[in-house]
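Protein chains: 2
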Amino acid sequence: MKKQSPADPRKRKGLIIVNTGEGKGKSTAAFGLAMRAAGNKMNVFIMQFMKGQWKAGERKSFEKLDPYVEVIPMGDGFTWDTNNIEQDKATARKAYEIVKEKLLSEKYQMVIFEEINYVLHYQFFPEDEFLELLKNKPEKVHVVCTGRNASEKLIEMADLVTEMKMIKHPFKEQGIPAQKGIEF
Amino acid sequence: MKKQSPADPRKRKGLIIVNTGEGKGKSTAAFGLAMRAAGNKMNVFIMQFMKGQWKAGERKSFEKLDPYVEVIPMGDGFTWDTNNIEQDKATARKAYEIVKEKLLSEKYQMVIFEEINYVLHYQFFPEDEFLELLKNKPEKVHVVCTGRNASEKLIEMADLVTEMKMIKHPFKEQGIPAQKGIEF
Numbered sequence: 003m004k005k006q007s008p009a010d011p012r013k014r015k016g017l018i019i020v021n022t023g024e025g026k027g028k029s030t031a032a033f034g035l036a037m038r039a040a041g042n043k044m045n046v047f048i049m050q051f052m053k054g055q056w057k058a059g060e061r062k063s064f065e066k067l068d069p070y071v072e073v074i075p076m077g078d079g080f081t082w083d084t085n086n087i088e089q090d091k092a093t094a095r096k097a098y099e100i101v102k103e104k105l106l107s108e109k110y111q112m113v114i115f116e117e118i119n120y121v122l123h124y125q126f127f128p129e130d131e132f133l134e135l136l137k138n139k140p141e142k143v144h145v146v147c148t149g150r151n152a153s154e155k156l157i158e159m160a161d162l163v164t165e166m167k168m169i170k171h172p173f174k175e176q177g178i179p180a181q182k183g184i185e186f
Numbered sequence: 003m004k005k006q007s008p009a010d011p012r013k014r015k016g017l018i019i020v021n022t023g024e025g026k027g028k029s030t031a032a033f034g035l036a037m038r039a040a041g042n043k044m045n046v047f048i049m050q051f052m053k054g055q056w057k058a059g060e061r062k063s064f065e066k067l068d069p070y071v072e073v074i075p076m077g078d079g080f081t082w083d084t085n086n087i088e089q090d091k092a093t094a095r096k097a098y099e100i101v102k103e104k105l106l107s108e109k110y111q112m113v114i115f116e117e118i119n120y121v122l123h124y125q126f127f128p129e130d131e132f133l134e135l136l137k138n139k140p141e142k143v144h145v146v147c148t149g150r151n152a153s154e155k156l157i158e159m160a161d162l163v164t165e166m167k168m169i170k171h172p173f174k175e176q177g178i179p180a181q182k183g184i185e186f
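Chains W and C, in that order, are what the protein sequence lines are. Count along the first sequence from 1, then add 2; that gives the number in the numbering used here. Count along the second sequence from 1, then add 2; that gives the number in the numbering used here.
One or more of the hints may lead you astray.
Each pair may be met inside one copy or between any two copies, as identical chains are not told apart.
[What the hints assert, rightly or not] Calculated lysine to aspartate or glutamate pairs in the EDC-like style (CA-CA distance at most 16 angstroms, straight line):
no.	residue 1	residue 2
1	170	158
2	142	185
3	109	90
4	91	24
5	102	129
6	43	65
7	167	24
8	170	154
9	43	185
10	62	185
11	102	68
12	96	24
13	170	65
Since the hints were derived computationally from the structure, they do not count as laboratory data.
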């Protein structure tokens, strides 16, 4: 399963990037990548798999970067209902089909699967199907997958994997509430 | 040295945030924070302590977010000369004095010391002076410090510390060159 080095290492290659771990910064770094890519006139598509994770600050900034960053947050027409696993699976499927179409359209040079690891970890969506998509993705498109508990198989397939490790967290240790501009 | 919990935990508090470690995403996550903050109409100042680290993609996106994100990259009027330690110290001092003034002005709700850990680690700038500044910073201003090798003292003083740990890196392992939109 391990990727072969391309014949010509100078060739432009779409990377599979994974940000995982218990610490902060997984999504924030993905949004930073989106911003950097947009600045380079690359089109970016973000599918937000987790309801309620989409923050006002990001949305407003991405609007200014438009038309280069397009986002579909969960909650816009989707509902997670953790008491109904079949409904959750249907929701995940719906989100997946949209982002899959975007990925295969080749209209975007970067596609971000925001919190996909969560969805796979809790088996709301079959991992093998997702990995198969990545295996057959358009060669030059960068894919970014975020969320805790990235699977071994995804890590094996990925080119660049970073674990965000929590060393210190104010909200847990010190009772400081979430801060505007940091957490949302 | 450990910070006390504030009397009223719901109070707005400027956090000291540190992104460190050998992995990717330290600066990218800081830029993501800047973007989120800017989207919330917070003013952000970024001092880029390392020459040549400033990427075209970020710059162009931040320009669209203007006037909320202001950046001074090293290399604009500064020069690092690693063969001349005294000159390097003078350069670090010059950058520090600018960002210190910005921090104390309270015109910014977030100030990012980009790659400051590098500068402190190699003793281009006296750490105690920097820590003293953080200790006396305006209470509501968020400060973000990035770079490898964050010192124990800085970690002790910080509220939120994340270590970016490299699990897999394509440029090292597979001979894939740096990719536009990812690395620059």
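State whether the alpha carbon distance between residue 109 and residue 90 is at most 16 angstroms within one copy, between copies, both, or neither.
Neither: 28 angstroms inside a chain and 45 angstroms across chains, both beyond 16 angstroms.
Cα distance capped at 16 angstroms. Does residue 170 pair with residue 65 within a copy, between copies, both, or neither?
Neither: 32 angstroms inside a copy, 32 angstroms across copies.
Up to 16 angstroms CA-CA - residue 129 versus residue 102, copy category:
Intra 14 angstroms, inter 49 angstroms, cutoff 16 angstroms: intra-copy only.
How would you label the pair residue 142, residue 185 (within, between, both, or neither) given a Cα cut-off of 16 angstroms?
between (32 angstroms within a copy, 15 angstroms between copies)
What label fits residue 43 with residue 185 when the C-alpha limit is 16 angstroms: within, between, both, or neither?
between (27 angstroms within a copy, 14 angstroms between copies)
How would you label the pair residue 43, residue 65 (within, between, both, or neither) given a Cα cut-off of 16 angstroms?
both (15 angstroms within a copy, 13 angstroms between copies)
When no copy is specified for residue 170 and residue 154, does a C-alpha distance of 16 angstroms or less occur within a copy, between copies, both, or neither?
Result: close only across copies, 12 angstroms inter versus 26 angstroms intra.
Alpha-carbon proximity between residue 62 and residue 185, which holds within one copy, between copies, both or neither at 16 angstroms:
Classified as within: same-chain Cα gap 15 angstroms, cross-chain 24 angstroms, threshold 16 angstroms.
Alpha-carbon proximity between residue 96 and residue 24, which holds within one copy, between copies, both or neither at 16 angstroms
Neither. Shortest intra-copy (27 angstroms) and inter-copy (37 angstroms) distances fail the 16 angstroms Cα cut-off.
At most 16 angstroms between alpha carbons: which applies to residue 167 and residue 24, within, between, both or neither?
Both: 6 angstroms inside a chain and 12 angstroms across chains, each within 16 angstroms.
From the Cα coordinates, with 16 angstroms as the cut-off, is the pair residue 91 and residue 24 best called within, between, both, or neither?
Neither, since 24 angstroms and 37 angstroms both go past 16 angstroms.
Please sort residue 170 with residue 158 into within, between, both or neither, judging by C-alpha distance up to 16 angstroms.
between (29 angstroms within a copy, 9 angstroms between copies)
Consistency note: the structure conflicts with the earlier hints numbered 3, 4, 11, 12 and 13.
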